[in-house]
Each structure stands twice: as structure tokens, then as C-alpha cells.
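Chemist: According to this note's numbering, the sequence shown is numbered sequentially starting from 1.
These are calculated hints, taken from the structure and not from any lab test.
Just so we're clear, the structure is a prediction, and the values are computed from it rather than from any experiment.
Ideal placement from N, C-alpha and C gives every residue a C-beta, glycine not left out.
Don't take each hint at face value.
Cβ pair distances, simulated, as ranges [stated by the list, open to error]:
hint : residue 1 : residue 2 : range
1    : S322      : K66       : 10 to 20 Å
2    : D141      : E253      : 54 to 64 Å
3    : S135      : K248      : 39 to 49 Å
4    : S334      : H192      : 27 to 37 Å
5    : R255      : N170      : 35 to 45 Å
6    : Q333      : M117      : 45 to 55 Å
Only pairs whose alpha carbons sit at most 16 Å apart, straight line, appear in this in silico EDC-like list of lysine to aspartate or glutamate [as the list claims (entries may be wrong)]:
hint : residue 1 : residue 2
7    : K139      : E243
8    : K95       : E181
9    : K267      : E253
10   : K172      : E243
11   : K248      : E148
12   : K65       : E148
13   : K239      : D114
14   : K129      : E181
15   : K40       : D132
16   : K239      : E224
17   : K107      : E124
18   : K250      : E181
19   : K200      : D50
20   : K42       : D132
21   : K209      : E243
22   : K173      : E110
23   : K139      : D32
24   : K107      : E253
25   : K218      : E110
26   : K35       : E52
27   : K129      : D114
28   : K35       : D85
29   : K35       : D50
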Amino acid sequence: MMFKTSRCLIIVFSVLLLFGLNACVKKKKHSDMGKILSLKYKNPVFNQMDPEEFSVVFQQMLIEKKALMANPKLIAAYYEKQDFDPVFVLKHLPKEEIQLAESYYLKAGEHGLDPKMFQAAELETLVQKIADKNSIKTKTDAYQTIAELEIITANSLINYSNALQFGVINPKKIYARYFTETKRPDSLNMTHVLAVADVKTFLDSIQPKSAQYLALQKALADGEVAPGRTKEETERILKVNLERLRWKNKPTEARYVMVNIPNFGLKVVDHDTVVLRMKVCVGEGRNKTDSAKNLSAYNDGDKIKDVPFSRETPQLNSEINSVQVNPIWNIPQSIASNEIMVQAAADRYYLS
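Let the hints inform the model, and build the full structure from the sequences given.
Modeler: Below, the structure is given as C-alpha cells:
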């Protein structure tokens, strides 16, 4: 009997201990969003806000806006860890750092990018609505506005950061035969963006700063026109090359060799100083004969048409282990029969 009683006591004690431990695990406390916003914007409606009610609205809006976000799963997972608090709005809106970010987005044209990509106009509308104490008259309106601003802010900042640090386009998605390793943003990088302490410091840190990039930016801003090109063609070329410079596939070593295929040039760089320049022979471009037709096919995004031209120079990025100077080069039979003999037959002085 004593054994049974002791066993019951042990079971009861274990259950009580379990409840005690659960009671000690406190749920993460919500921020006092109503107080923070009402102090800044003097709208009494904000004082009526309930964090638990907002959490429900925010979760629903994350689902509704899923199709409009570039990384919906990552953003939703981040806010789940934040207990669905509007952490970015509460931290940065009172300091007018969201408005600051918007000013950077509006200058995206300097990088050859459209400000619409970063929803600058939507941000401005929502910020102005929150700042105007007569615009938000109900809790429901407050919840909806703040939730939408939080989502757009998070999405646009990630998109802007990715665009400037890694490029808008993944080259492997437009070129079927693109084999150069190109780094793309990962979840760790994007989560870091949402946790920035100072928005201006962060935005300044991600601006491309290479001399080549800045030179192209200046040419775009000045409206320069390349010889033999129209203003529109030159602008497009500059924007495309700004994008290519943002791709993370450039040399990171202090010493490297870079070949500019369209420019028929090679340069050797040592600690940011060009120590050697020379002309080089390159292959023939694939768009030489019918550029308009090829451009149309490219714009259609048909990767099947991305077939290497038989005489084009392949792109590569690799370590140089040795260099052969003045190599012996015999003309390949295919070139001799298909090109040289044809040219020689048409022009008797071709080989002279």
C-alpha cells in the first residue's frame, strides 16, 4: 500500500512539475506598437491597436501578398520568428528610415533599373497615410495599412539589396550554355537585410563602387551616344553592362587577367592597377549578320536558340597555371577548307 501511494505521489508531482515548467516558458512579448506609433503620429486610433489582433491580420496579408513577393517563404518564416510583429516599421519608420530607403529606390535609374521594381510609389503612399492622423480612422484600417507597409518594406529592401549586390537576373536562366560560376543571394544574406540596424549605412555599403561601374553610370547620366549607335541603343547597352557588372563572377584575387571580347583587348591587373594592356584576336560574334532577328529571339527568352556560333570566343573563368608564348599554330583543316580556300578562290591576292 505504501508503494502504491508513493507511486501516485510521484506521478502527481511529475505532472505538477511539467505544468510548472510550461508556466516558466513565457511567450515572446509583443511590442507596444500602439504607443510607439501614437507618440510619433498623434493619431489616437493607434492607441486602440491590439498586437494579437494585428498578428492575425498580418498573417492573413502575408498569404494574400504571397504572389507579389520575390521570397515569400523566407519573409513569412522571418516574421514567424518575430511573432508577427511589424518590426521594421516600428524600428525604422519613426526614424524616417523607410522614407530614406524610398529615396534610394527612386534613384534606381542611376543603376539602369526601374524604381517600380522596388515599389517606391506604394511605399510613399502608405507612409503618407500613416503620417496623416486624419487618414486612418479605425483599428482595421490601421492594421491593414501597417501590415501592408511592413510587407512591402521587407520585400523591396531585399529586392534592392539583391539587385545591387548580385544583379537582377541570374545569367543561367537566360543563357542555356552559361557555365561561369555566378554567386546568387542566399537565405542568410536576405535575412541579414531584414535585421539591419541602420538603413542608410546599409544602403550606402551595397552601392557598387568599381571604377568601371561608376564610369558607365556617368555615361548613362550624361546621355552619351556611342559611335554608330542611336541614343536608345547606347542607353540599352549601358544598362545591360551595368547589370553584368553587378553579377558576382568577377575576379576576387589581387592579380588577374581580363579579356574584353567585344573590345579585342586584354589587361593584366595587379592590386587594382593595370600593369599591361594588349590587343587580342577573338572569334566572330553570333549576331553579326541578322542582329534584329537574333535580338527578337533573345527577347522571347528562348534558351534553345542559345547555341554557340562556330567561330565565337567562349567565355570562361578559371585559374591560369601556365602560359605558352608564341605557340606553333597550324591552320585546322575545317578552317582551311571552309574559309581560306573559299576566300582564296574569290580573291587571287588573298594569300599574298
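Chemist: Given the hint that K239 pairs with E224, test it: the Cα-Cα distance must not exceed 16 Å.
Modeler: Distance of about 12 Å is within 16 Å: holds.
Chemist: K129 and D114 were given as a pair; does the straight-line alpha-carbon distance stay at or below 16 Å?
Modeler: 24 Å, violated
Chemist: Taking the CB of S334 and the CB of H192, does the distance hold inside 27 to 37 Å?
Modeler: Given about 52 Å between the Cβ atoms, the range is violated.
Chemist: Using the beta carbons of S322 and K66, state whether their distance is inside 10 to 20 Å or not.
Modeler: Since S322 and K66 have Cβ atoms about 53 Å apart, the given range 10 to 20 Å is violated.
Chemist: Can you let me know if the beta-carbon spacing of S135 and K248 is within 39 to 49 Å?
Modeler: 42 Å, holds
Chemist: Taking the beta carbons of D141 and E253, is their distance inside 54 to 64 Å?
Modeler: Given range 54 to 64 Å: holds, Cβ gap about 55 Å.
Chemist: Given the proposed pairing of K200 with D50, does the C-alpha separation stay at or below 16 Å?
Modeler: 31 Å, violated
Chemist: Would you check the hint for K35 and D85, treating anything up to 16 Å between C-alpha atoms as holding?
Modeler: Holds, at roughly 14 Å.
Chemist: Against the 16 Å threshold, does the CA-CA distance of K107 and E253 hold or violate the hint?
Modeler: Measuring from Cα to Cα gives roughly 31 Å; hence the hint is violated.
Chemist: Is the Cα-Cα distance between K42 and D132 16 Å or less?
Modeler: Roughly 9 Å between the alpha carbons, so the hint for K42 and D132 holds.
Chemist: Are K267 and E253 close enough, with their CA atoms no more than 16 Å apart?
Modeler: 15 Å, holds
Chemist: Is K139 close enough to E243, meaning Cα to Cα at most 16 Å?
Modeler: Outside the cut-off at roughly 43 Å; violated.
Violated hints for the displayed structure, listed by number in ascending order: 1, 4, 5, 7, 8, 11, 14, 19, 22, 24, 27.
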